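4 protein chains.
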Amino acid sequence: MIFDPSRRLFAEGLGTLLLVCTVVGSGIMADTLSADDAVSLLGNTIPTGAILVVLITLLGPISGAHFNPVVTLVFALRREISVTLGLAYIAVQVAGGILGSLLAHAMFDLPVVQVSQKLRSGQGQWLAEIVATFGLVATILIALRVKDEAIPVLVGLYITAAYWFTASTSFANPAVAIARGFSDTFAGIRPLDVPAFIAAEVIGAAIALAVTGWLLRPKSDGEPEQAE
Amino acid sequence: MIFDPSRRLFAEGLGTLLLVCTVVGSGIMADTLSADDAVSLLGNTIPTGAILVVLITLLGPISGAHFNPVVTLVFALRREISVTLGLAYIAVQVAGGILGSLLAHAMFDLPVVQVSQKLRSGQGQWLAEIVATFGLVATILIALRVKDEAIPVLVGLYITAAYWFTASTSFANPAVAIARGFSDTFAGIRPLDVPAFIAAEVIGAAIALAVTGWLLRPKSDGEPEQAE
Amino acid sequence: MIFDPSRRLFAEGLGTLLLVCTVVGSGIMADTLSADDAVSLLGNTIPTGAILVVLITLLGPISGAHFNPVVTLVFALRREISVTLGLAYIAVQVAGGILGSLLAHAMFDLPVVQVSQKLRSGQGQWLAEIVATFGLVATILIALRVKDEAIPVLVGLYITAAYWFTASTSFANPAVAIARGFSDTFAGIRPLDVPAFIAAEVIGAAIALAVTGWLLRPKSDGEPEQAE
Amino acid sequence: MIFDPSRRLFAEGLGTLLLVCTVVGSGIMADTLSADDAVSLLGNTIPTGAILVVLITLLGPISGAHFNPVVTLVFALRREISVTLGLAYIAVQVAGGILGSLLAHAMFDLPVVQVSQKLRSGQGQWLAEIVATFGLVATILIALRVKDEAIPVLVGLYITAAYWFTASTSFANPAVAIARGFSDTFAGIRPLDVPAFIAAEVIGAAIALAVTGWLLRPKSDGEPEQAE
Numbered sequence: 001m002i003f004d005p006s007r008r009l010f011a012e013g014l015g016t017l018l019l020v021c022t023v024v025g026s027g028i029m030a031d032t033l034s035a036d037d038a039v040s041l042l043g044n045t046i047p048t049g050a051i052l053v054v055l056i057t058l059l060g061p062i063s064g065a066h067f068n069p070v071v072t073l074v075f076a077l078r079r080e081i082s083v084t085l086g087l088a089y090i091a092v093q094v095a096g097g098i099l100g101s102l103l104a105h106a107m108f109d110l111p112v113v114q115v116s117q118k119l120r121s122g123q124g125q126w127l128a129e130i131v132a133t134f135g136l137v138a139t140i141l142i143a144l145r146v147k148d149e150a151i152p153v154l155v156g157l158y159i160t161a162a163y164w165f166t167a168s169t170s171f172a173n174p175a176v177a178i179a180r181g182f183s184d185t186f187a188g189i190r191p192l193d194v195p196a197f198i199a200a201e202v203i204g205a206a207i208a209l210a211v212t213g214w215l216l217r218p219k220s221d222g223e224p225e226q227a228e
Numbered sequence: 229m230i231f232d233p234s235r236r237l238f239a240e241g242l243g244t245l246l247l248v249c250t251v252v253g254s255g256i257m258a259d260t261l262s263a264d265d266a267v268s269l270l271g272n273t274i275p276t277g278a279i280l281v282v283l284i285t286l287l288g289p290i291s292g293a294h295f296n297p298v299v300t301l302v303f304a305l306r307r308e309i310s311v312t313l314g315l316a317y318i319a320v321q322v323a324g325g326i327l328g329s330l331l332a333h334a335m336f337d338l339p340v341v342q343v344s345q346k347l348r349s350g351q352g353q354w355l356a357e358i359v360a361t362f363g364l365v366a367t368i369l370i371a372l373r374v375k376d377e378a379i380p381v382l383v384g385l386y387i388t389a390a391y392w393f394t395a396s397t398s399f400a401n402p403a404v405a406i407a408r409g410f411s412d413t414f415a416g417i418r419p420l421d422v423p424a425f426i427a428a429e430v431i432g433a434a435i436a437l438a439v440t441g442w443l444l445r446p447k448s449d450g451e452p453e454q455a456e
Numbered sequence: 457m458i459f460d461p462s463r464r465l466f467a468e469g470l471g472t473l474l475l476v477c478t479v480v481g482s483g484i485m486a487d488t489l490s491a492d493d494a495v496s497l498l499g500n501t502i503p504t505g506a507i508l509v510v511l512i513t514l515l516g517p518i519s520g521a522h523f524n525p526v527v528t529l530v531f532a533l534r535r536e537i538s539v540t541l542g543l544a545y546i547a548v549q550v551a552g553g554i555l556g557s558l559l560a561h562a563m564f565d566l567p568v569v570q571v572s573q574k575l576r577s578g579q580g581q582w583l584a585e586i587v588a589t590f591g592l593v594a595t596i597l598i599a600l601r602v603k604d605e606a607i608p609v610l611v612g613l614y615i616t617a618a619y620w621f622t623a624s625t626s627f628a629n630p631a632v633a634i635a636r637g638f639s640d641t642f643a644g645i646r647p648l649d650v651p652a653f654i655a656a657e658v659i660g661a662a663i664a665l666a667v668t669g670w671l672l673r674p675k676s677d678g679e680p681e682q683a684e
Numbered sequence: 685m686i687f688d689p690s691r692r693l694f695a696e697g698l699g700t701l702l703l704v705c706t707v708v709g710s711g712i713m714a715d716t717l718s719a720d721d722a723v724s725l726l727g728n729t730i731p732t733g734a735i736l737v738v739l740i741t742l743l744g745p746i747s748g749a750h751f752n753p754v755v756t757l758v759f760a761l762r763r764e765i766s767v768t769l770g771l772a773y774i775a776v777q778v779a780g781g782i783l784g785s786l787l788a789h790a791m792f793d794l795p796v797v798q799v800s801q802k803l804r805s806g807q808g809q810w811l812a813e814i815v816a817t818f819g820l821v822a823t824i825l826i827a828l829r830v831k832d833e834a835i836p837v838l839v840g841l842y843i844t845a846a847y848w849f850t851a852s853t854s855f856a857n858p859a860v861a862i863a864r865g866f867s868d869t870f871a872g873i874r875p876l877d878v879p880a881f882i883a884a885e886v887i888g889a890a891i892a893l894a895v896t897g898w899l900l901r902p903k904s905d906g907e908p909e910q911a912e
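As they're listed, the protein sequences go chains A, B, C and D.
Its first residue numbered 1, the first sequence is counted upward by one per residue in the numbering used here.
Its first residue numbered 229, the second sequence is counted upward by one per residue in the numbering used here.
Its first residue numbered 457, the third sequence is counted upward by one per residue in the numbering used here.
Its first residue numbered 685, the fourth sequence is counted upward by one per residue in the numbering used here.
Each hint should be verified, as a subset may be incorrect.
Straight-line Cα separation of at most 25 Å, SDA-like style, residue types lysine to any residue; simulated pairs [to be verified]: (1) A:LYS147 - B:GLU377; (2) D:LYS831 - C:ALA606; (3) D:LYS831 - C:ARG463; (4) A:LYS118 - D:PHE687; (5) C:LYS603 - D:THR716; (6) B:LYS375 - A:VAL146; (7) A:LYS147 - D:PHE687; (8) C:LYS574 - B:ARG418; (9) A:LYS147 - D:THR716; (10) D:LYS831 - A:GLU149; (11) B:LYS375 - D:ILE882; (12) D:LYS831 - C:ILE607; (13) B:LYS375 - B:PHE231; (14) D:LYS831 - C:SER462; (15) C:LYS603 - B:LYS346; (16) C:LYS603 - A:ILE151; (17) C:LYS603 - D:PHE687; (18) A:LYS147 - C:SER462; (19) A:LYS147 - D:ASP793; (20) B:LYS346 - A:THR32; (21) A:LYS147 - D:PHE694; (22) A:LYS118 - D:LYS831; (23) A:LYS147 - D:ASP832; (24) D:LYS802 - C:ALA562; (25) D:LYS831 - C:LEU465.
To be clear, the hints were calculated from the coordinates, so they are not data collected in a lab.
Here the structure is a predicted model, which means the values were calculated and not measured.
Generate coordinates for the entire structure from the input sequences, incorporating the hints supplied.
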């Protein structure tokens, strides 16, 4: 099946909306119900991992299920999406993400439009975002070569792990970072801290592109290769 | 394999019974054991997601594994089940669901017949049920097109997420809502609040039917199409 | 591959040993680490579900991976295992299970041989064991017809749910019940209470055999059927 | 695809780095956020199981995804990897593991180089490491015969269980044990206690090699066999 651009853009917007709605909404639910922050993070992690598997499986065949500007950027650099469509993807991802925050607030009877006060900054956080995004993009690029039908599960499990092993809880996504800037809840981030997160995410993606580009060439550079 | 109506109806009733028994029973167990409501919700979520995968995998080949009147309604509108059989499905779903509540109470040595006092009402809750049911029905309808063998896992994971990201903990099912009205425990809902939940669920299902109807037409409306 | 009886019996014994060692050991670990009994039950549930998937996948091709006398009994009634070999299966399941309890104690520096003092009795508990074993045996028998390659995952997920929705935490297995009688820890059961559990488990299995026998005949009884 | 030694070694080093980074990083996150040690262990277990599935799926086709000196040793004894390459594997596993600890510390703004003070010793712990490594190596060796495409999931689930049912939380990996010696956090181990852990792991692997060698010969020893 090949879908026209309007449906592909709708799928990107809807997917990012539901992803952010899950991240923000489960954060509100978990934080409200528990006095233990690790329990809250479990209640935030498990839904996020689960919804990623669902959304990528369902919308992947329509739009590719990027839901993430750095993923779209990587595919544009690999010339697998045009620059024009890629920019449109990024626009609907950001818009969809913000709507996802607002929808979560509306469901939980909170002020719909919020600005986060949650400080997320410092070298450790930035290093964490580089690592988190390196891992996410490397997962996608290696899986495309070795087991592409497993991408939904692999991304869901990767983010499940990265919520815990990275100090930033792994945003790894500029659209999600911007959208979480609009939520003064468990999952929020001060808008002031978003640009550095985005920069770190772009760096992590670039490293993943370079490393996997080298790693996935099966034959040694020293050997003569046939033209492919 | 094709199963006769009596077996299909039995499968719908048994499946809804075990689904509600899991929702109510795990809620009782979790709430009894923990002082932390997020831990209780984890102990309610994980069993519900797990049993959905089991029940849909096993009973799907027999009855389609709807276990949910709005799902049956959607299939009736798509003319994939007759109105007569559809009404019978809904009747056994409701009856099975109520029996599931009673069975859970009996196992936990509680009064078998109960009426819930738990208030679940307000705009946020109703919006949450619209969102929850939209997501559930959209998951099923898109998966039927792009990966139908994954439906049991996708529904299990979707509900796992929706327990946390929707403010209502995602009933998304009129039979389950009615059955939970008969349980004055963690998973209960005041009978007075059930009709609005059902209305919201029907609205969510209708939106999902409309949106996926448009989304899943691969070619643009503007282009000439061949007869299919 | 066909394996000789000594290897099949070894697989049954080893599998039941590791299953009980996981149930008892994770119960000790979880109970020691947490003051919240629902957290302890999560720490008992997740390992049990996980190891079931592993053990059934690995040892199923060798012995059928029963690890459970009522499962062996059901297969003997279906004439899929001889009475002699079935009795030997049950003997090694019980012996393996007991060794699993002892091994868990040894790892956690507890007295190796123990007798449980934990009361588990009453009508609710017995009803729970009937329901739990009905569900387990029905899962296996239906899956054998509709999706046998999914049995390891389905059993793992079913037990994950049944730990929470049944009041007894779902022993559903006479060998495991006997073995847990030898452990005065989180997962223990007074030996005095074991016989009633076993009786309930046999009743649950018998109901599952009868119900699925009727349910899985695709054509209506009223219609003439071709010889198969 | 066949990959040259430099890429295989890079994959082993990167995989072990990310594995240890997940074990140590999620331990820090979980321990910081929670006052309940079982919640912390859940927050340590779920990410570890998840990342194992991801890393083995992605890097298995490149290097075999050992990430573990005893696994490499077993494959060397089975002559499936040369001694020279095997020693190089072990070297990059150890180096990658240590870097993984350091990276976790850097992300969490802790002193990058640390020496653990956490006592992990005694007969129970050593027995636990024998059991844990026996189970891990047996899982791999049996799965190679009966369902090799499931190895990533089986190893992830096995370790998920073993974190809880073994008293040592299942290191089961000399490279990981050494790397955890460099972390004075939740997942740490006193360097003084590492050699006994490694000895226990080698014993567990040897038992697994012997037991599965016998178990997986389909025909009885007493019967005449055809040359294969």
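Going down the list of hints, with the structure as the test:
no.: 1; hint: A:LYS147 - B:GLU377; in the structure: holds (18 Å)
no.: 2; hint: D:LYS831 - C:ALA606; in the structure: holds (13 Å)
no.: 3; hint: D:LYS831 - C:ARG463; in the structure: holds (18 Å)
no.: 4; hint: A:LYS118 - D:PHE687; in the structure: violated (46 Å)
no.: 5; hint: C:LYS603 - D:THR716; in the structure: violated (44 Å)
no.: 6; hint: B:LYS375 - A:VAL146; in the structure: holds (20 Å)
no.: 7; hint: A:LYS147 - D:PHE687; in the structure: holds (16 Å)
no.: 8; hint: C:LYS574 - B:ARG418; in the structure: violated (37 Å)
no.: 9; hint: A:LYS147 - D:THR716; in the structure: violated (36 Å)
no.: 10; hint: D:LYS831 - A:GLU149; in the structure: holds (18 Å)
no.: 11; hint: B:LYS375 - D:ILE882; in the structure: violated (45 Å)
no.: 12; hint: D:LYS831 - C:ILE607; in the structure: holds (14 Å)
no.: 13; hint: B:LYS375 - B:PHE231; in the structure: holds (23 Å)
no.: 14; hint: D:LYS831 - C:SER462; in the structure: holds (22 Å)
no.: 15; hint: C:LYS603 - B:LYS346; in the structure: violated (40 Å)
no.: 16; hint: C:LYS603 - A:ILE151; in the structure: holds (24 Å)
no.: 17; hint: C:LYS603 - D:PHE687; in the structure: violated (37 Å)
no.: 18; hint: A:LYS147 - C:SER462; in the structure: violated (38 Å)
no.: 19; hint: A:LYS147 - D:ASP793; in the structure: violated (35 Å)
no.: 20; hint: B:LYS346 - A:THR32; in the structure: holds (18 Å)
no.: 21; hint: A:LYS147 - D:PHE694; in the structure: holds (20 Å)
no.: 22; hint: A:LYS118 - D:LYS831; in the structure: violated (47 Å)
no.: 23; hint: A:LYS147 - D:ASP832; in the structure: holds (14 Å)
no.: 24; hint: D:LYS802 - C:ALA562; in the structure: holds (21 Å)
no.: 25; hint: D:LYS831 - C:LEU465; in the structure: holds (21 Å)
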